[in-house]
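Asker: Kindly generate the complete structure, drawing on both the sequences and the hints.
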Amino acid sequence: MKTTVLRGITLSILTSLALSAVHLSAQTAAPVSPLEPAKAAMERKDYRTAAREATKIFFFSGSSDTAAEALNLSITANAELHKTGSDGSWSAELDKTAGRLLVLTGEQTISRCFSIQCGEEFSVPSGEFLVGAKLAYPNLELNGVLHKRGSDGNTLGSRWIELRDADGIPAAGIHGEAPLAGDGAEQLFFRMKNSDVNELFVLLKEGSRVLVR
Numbered sequence: 000m001k002t003t004v005l006r007g008i009t010l011s012i013l014t015s016l017a018l019s020a021v022h023l024s025a026q027t028a029a030p031v032s033p034l035e036p037a038k039a040a041m042e043r044k045d046y047r048t049a050a051r052e053a054t055k056i057f058f059f060s061g062s063s064d065t066a067a068e069a070l071n072l073s074i075t076a077n078a079e080l081h082k083t084g085s086d087g088s089w090s091a092e093l094d095k096t097a098g099r100l101l102v103l104t105g106e107q108t109i110s111r112c113f114s115i116q117c118g119e120e121f122s123v124p125s126g127e128f129l130v131g132a133k134l135a136y137p138n139l140e141l142n143g144v145l146h147k148r149g150s151d152g153n154t155l156g157s158r159w160i161e162l163r164d165a166d167g168i169p170a171a172g173i174h175g176e177a178p179l180a181g182d183g184a185e186q187l188f189f190r191m192k193n194s195d196v197n198e199l200f201v202l203l204k205e206g207s208r209v210l211v212r
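When we follow numbering that gives the first Met the number 0, the leftmost residue of the sequence shown carries the number 0, and every step to the right adds one.
For the record, the hints were derived by calculation from the structure and aren't laboratory data. Treat the hints with care, since some could be wrong.
Cut-off 30 Å, straight-line C-alpha distance, at most; resulting in silico cross-link-like pairs (DSS-like, lysine-lysine) [to be verified]: (1) Lys147 with Lys133; (2) Lys147 with Lys55; (3) Lys192 with Lys147; (4) Lys55 with Lys204; (5) Lys44 with Lys95; (6) Lys82 with Lys55.
Just so we're clear, the structure is a prediction, and the values are computed from it rather than from any experiment.
Answerer: As structure tokens, this is what we get:
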């Protein structure tokens, strides 16, 4: 009888210890990443869903590391979609504080990310704009003086993408980079590396939406 009781007590203790171990394991298990749905979609080659989920995490994540991972994942997913010819229309969102320009697909998922610099404050307004004239190797007319491509004072680089306001009036522009050629040269508007603005030049069409924050 005593042996049976002892065995019962021992079994009860072992069961309790096992349950405690399971509970402790559940408590110490690594939390599930918010990017798991996007990663799972990538694994099954559902790139559209992966881009949509990753973009959502990028804009709403409170973690910079998670946001950076989400950004890369969305770009990768859209690169895979690009291989199949699934492009559609493009728009852009420019964050002056972060120095970042995002290229968005028609479904508002992130396709590309570029670094951008801002010129004089008066020439880099915030708001919603539409792409106007697009010029390769543009001249620059400043204060009534024409600075031809490659000449002193022309800081526009390889491309010019005009930004028009709601009334259709030119308000700013996105352009390439060029070294300051003279003491009187001013760095204006939104500047990008020439290789980056050349790519953006192809993606954004006249009438494309550009949001500047």
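Asker: Hint by hint, note whether the structure agrees.
Answerer: Quick rundown of the hints versus the structure:
The hinted pair formed by Lys147 and Lys133 meets the criterion: a straight-line CA distance of about 16 Å does not exceed 30 Å. A threshold of 30 Å between alpha carbons decides the hint, and for Lys147 with Lys55 the separation of about 44 Å lies outside it, so the pair is violated. About 19 Å separates the Cα atoms of Lys192 and Lys147, which keeps this hinted pair within 30 Å; it holds. Among the hinted pairs, Lys55 with Lys204 is consistent with the structure: their alpha-carbon atoms are about 25 Å apart, no more than 30 Å.
For the given pair, Lys44 sits about 34 Å from Lys95 by alpha-carbon distance, which is inconsistent with the 30 Å threshold. Restraint check for Lys82 and Lys55: satisfied, since their Cα atoms lie roughly 23 Å apart, inside the 30 Å limit.
Violated hints, listed in ascending order, are 2 and 5; each of the other numbered hints is respected by the structure.
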